[in-house]
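Novice: Sequence lines, in order, name chains A and F. Counting from 4, one number per residue, gives the positions in the first sequence under the working numbering. Counting from 6, one number per residue, gives the positions in the second sequence under the working numbering.
Accuracy of the hints is not assured; some may be wrong.
The list that follows gives simulated cross-link-like pairs (lysine-lysine, DSBU-like), each with its CA atoms no further than 30 Å apart [as the list claims (entries may be wrong)]:
id, chain 1, residue 1, chain 2, residue 2
1, F, 17, F, 136
2, F, 64, A, 312
3, F, 71, A, 290
4, A, 312, F, 136
5, F, 17, F, 7
These stretches of chain F come out as covered by chain A in the derived footprint (C-beta under 8 Å, 3 or more residues) [said to hold, decoys possible]:
id, segment
6, 65 to 71
7, 112 to 125
No lab work stands behind these hints, which were simulated from the structure alone. Every residue gets a Cβ at the ideal spot worked out from N, C-alpha and C, and that includes glycine.
Below, each chain spelled out in residue letters.
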Amino acid sequence: MRRTGAQIVWEMLRQEGVEVVFGIPGGAIMHTYHPRQQYGIHHILVRHEQCAAHAADGYARASGRTGVAISTSGPGATNLVTGIATAMMDSSPIVCITGQVSTPVIGSDAFQETDITGITLPITKHNYLVTDVKDLAYVIHEAFHIATSGRPGPVLIDLPKDVQQEETNFMAPEGEPQLPGYHSVGLADPLLVQQAATLINGAKRPVILAGHGVMMSDAVEVLRAFAEKTQIPVTFTLLGNGAFPASHHLTLGMMGMHGEAVANHAIQEADLLLAFGMRFDDRVTGKLDRYAPNAHKIHVDLDATELNKIVPVDVSILGDLRHVLEQLMPLVKSTSHEEWFKRINIWRTEADLRDVVSRPQNGRLLTPHVINAIWEATRGEAITVTDVGQHQMWVAQYYHLDRPHTLITSGGLGTMGFGLPAAIGAQVGQPDKEVWAILGDGGFQMTLHELATVIQEQLPLRIAICNNNYLGMVRQWQELFYDQHYESTHLLNPDFVRLAEAYGIRSWRATTLEEGHQAIAEARCHPGPTLIDFQVAQKGEEGNVYPMVPADAALHEMIRRSMPSPEYQNLIEERR
Amino acid sequence: MKRTLIAQVEDKPGVLNRVASLFRRRVFNIESLTVGHTEQPGVSRMTIVVDSSRTDTQKVAQNLYKLANVIKVEDISEQPAVMRDLALIKVGINGGQTRSEVMQIVKTFRARVVDVGLETLMIEVTGPEEKVTGLVEVLRPFGIVEMVRTGRVAMARGNSSSKSS
Chain A
4 MRRTGAQIVW
14 EMLRQEGVEV
24 VFGIPGGAIM
34 HTYHPRQQYG
44 IHHILVRHEQ
54 CAAHAADGYA
64 RASGRTGVAI
74 STSGPGATNL
84 VTGIATAMMD
94 SSPIVCITGQ
104 VSTPVIGSDA
114 FQETDITGIT
124 LPITKHNYLV
134 TDVKDLAYVI
144 HEAFHIATSG
154 RPGPVLIDLP
164 KDVQQEETNF
174 MAPEGEPQLP
184 GYHSVGLADP
194 LLVQQAATLI
204 NGAKRPVILA
214 GHGVMMSDAV
224 EVLRAFAEKT
234 QIPVTFTLLG
244 NGAFPASHHL
254 TLGMMGMHGE
264 AVANHAIQEA
274 DLLLAFGMRF
284 DDRVTGKLDR
294 YAPNAHKIHV
304 DLDATELNKI
314 VPVDVSILGD
324 LRHVLEQLMP
334 LVKSTSHEEW
344 FKRINIWRTE
354 ADLRDVVSRP
364 QNGRLLTPHV
374 INAIWEATRG
384 EAITVTDVGQ
394 HQMWVAQYYH
404 LDRPHTLITS
414 GGLGTMGFGL
424 PAAIGAQVGQ
434 PDKEVWAILG
444 DGGFQMTLHE
454 LATVIQEQLP
464 LRIAICNNNY
474 LGMVRQWQEL
484 FYDQHYESTH
494 LLNPDFVRLA
504 EAYGIRSWRA
514 TTLEEGHQAI
524 AEARCHPGPT
534 LIDFQVAQKG
544 EEGNVYPMVP
554 ADAALHEMIR
564 RSMPSPEYQN
574 LIEERR
Chain F
6 MKRTLIAQVE
16 DKPGVLNRVA
26 SLFRRRVFNI
36 ESLTVGHTEQ
46 PGVSRMTIVV
56 DSSRTDTQKV
66 AQNLYKLANV
76 IKVEDISEQP
86 AVMRDLALIK
96 VGINGGQTRS
106 EVMQIVKTFR
116 ARVVDVGLET
126 LMIEVTGPEE
136 KVTGLVEVLR
146 PFGIVEMVRT
156 GRVAMARGNS
166 SSKSS
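Same shape as in the complex, but just chain A:
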């Protein structure tokens, strides 16, 4: 079969099971765009290439399939960079295809030429510059394999214009690509697994730290069985949210800088940490030299470079988590850890008293109330996509998840502007699910042009803006640590309701919780996309995220929301 490079792109995408791609055409990629419709692959035209990468990322995280982003050369390619780096940090499988100037002029500073393989070298799992059309089919096949296998990540293929135009005999490559330097991880060392089991069976105050890896290795079920058999409480990272049911009696909630106090205290007093598919990011450890000082540590990860990278551990097991847990199951004893749970329940009760959601209303709208209202209205069954900042932490705290892969958020890179485009991707990947994009007013305005994409694709996306007219998380730091000097964080915002209307999106404004409930209910009944502008509290205990582990503090040294007055405490106790 004679095929041009452009045709081979679509032939191969179809073979890899791709149904939808996100992108923007341009001079150096037009040739590839031209035959698209013959191949029945849907193209979603975003408004900025960064959002093509974020949307591909959101699509991948929501659907479990590979996301694909396409852009032209030069500025089109460089605009992808933030999205690629985001996917890299959060191990999200995306394939980016960039146009490139023709091979004879590469290196001559031709119009819209940029060295995108050079630029993305440190932020891709692998990348390619295809200089011969004969290599193209195999490169695409390899790219999908690398993006999705092992620890997933972004792969970029740079495709010069002449390679897109040239013809060759096309034969679809089949089977697993032969990559002499790409090693898959085998079964874990049974000796190490036995050592881990011995530590687990001897532990009095064990805690499981569940990361993103739990979901990526499909270990959610076996983790639950393991935790129930051993009666070990589970706390999760931001990206591990969903790895363990929030409603389960063994859950402690999220750990880390804005984690649950009970989780952070438990980690600090533990005698054994079981780190499963997580990487001890600085946002979850606090001050390292005082992190879990009395705990033995077991670390299971698929990536050898993560073991002993940040926290030196007693037993490090290289392997796929699901298999390791299956190996561990017959070796661990059923226990109860009654004393440990007594201690944990003291922290839990105290945390309940400090919880802002259980406090009486004073008429002002607080972001935790908004999140709680959305959670209640959707019965916790929506896919939530966040941006980055205060609202993100509150979603993690208050949108309790019982199912995996239902929170999509930029963890490692903390990319503001991620939320809206990633939600577009998530909605495309899960067209029958209710998807809520919960955003801050700062991050929303970094990529709000994608409202046009929402309309063009008629996606029934629910957009919630927690609008406090500030870069809220930075403002919080300024309030607490920079003498309340609010340097460059106040945002003079447009009228988001009228803005949404201009795009043709049905919208509401809510300034009280009552209005909030009303708007959420009406939005959920509307068949098309919706946007709600929640005008939320800006400052103090109402506007700041607690608990908070300040910089350079140990994990248990949290700033907490103050205790309510005794009569409210009684009220809360009664309600319990």
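Given the structure of chain A, go ahead and fit chain F onto it with the hints provided.
Specialist: Leaving out everything else, chain F in the frame of chain A:
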């Protein structure tokens, strides 16, 4: 302590860049890196010398393995191995006496004179790094005009092999 890693890599454009970029990104301190062809077509071999007091050699190896083009990495520091460095040294000569003195030194070090100019001699020396450094130090008072060293290449002795498969 200096440790020696042998990395077998695919002979493809940009692989050296990937390795160098990795070292920069992970802030690995590398003493020397040499790269060249091997007995296997399509496979290049890198000899990487790491100062293990500043950079964890195992981390270097694990991170190299994550590059899709790196086939095999081996730390041969604990094995009996032949380690060699090659240098070309151009020494300034002003008069017949210095010329014969330098020639004498070259002979003692089992090095070779590979070029004779009116006012210079070019010397080639191969050997363990200490020997090369020793010759350089002895020649320095004569005035070294120009010098280049390859950095270490290494191979384990006996039957063991760092072949990729």
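Novice: Mind taking a look at whether chain A covers the segment 65 to 71 of chain F? Criterion is 3 or more residues with CB to CB distance under 8 Å.
Specialist: holds (count 4)
Novice: Checking one constraint from the list: CA of residue 71 of chain F to CA of residue 290 of chain A, max 30 Å. Satisfied?
Specialist: Holds, at about 29 Å.
Novice: How does the segment 112 to 125 of chain F fare against chain A when you require at least three residues with a CB closer than 8 Å, holds or violated?
Specialist: Violated - the segment 112 to 125 of chain F has 0 residues with a Cβ nearer than 8 Å to chain A, which falls short of three.
Novice: Are the Cα positions of residue 17 of chain F and residue 136 of chain F separated by 30 Å at most?
Specialist: 34 Å, violated
Novice: Would you check the hint for residue 64 of chain F and residue 312 of chain A, treating anything up to 30 Å between C-alpha atoms as holding?
Specialist: 8 Å, holds
Novice: For the pair supplied as a hint, residue 17 of chain F and residue 7 of chain F, is the alpha-carbon distance within the 30 Å limit?
Specialist: 28 Å, holds
Novice: Compare the distance between the alpha carbons of residue 312 of chain A and residue 136 of chain F with 30 Å, and conclude whether the hinted pair is satisfied.
Specialist: 37 Å, violated
Of the numbered hints listed earlier, those contradicted by the structure are 1, 4 and 7.
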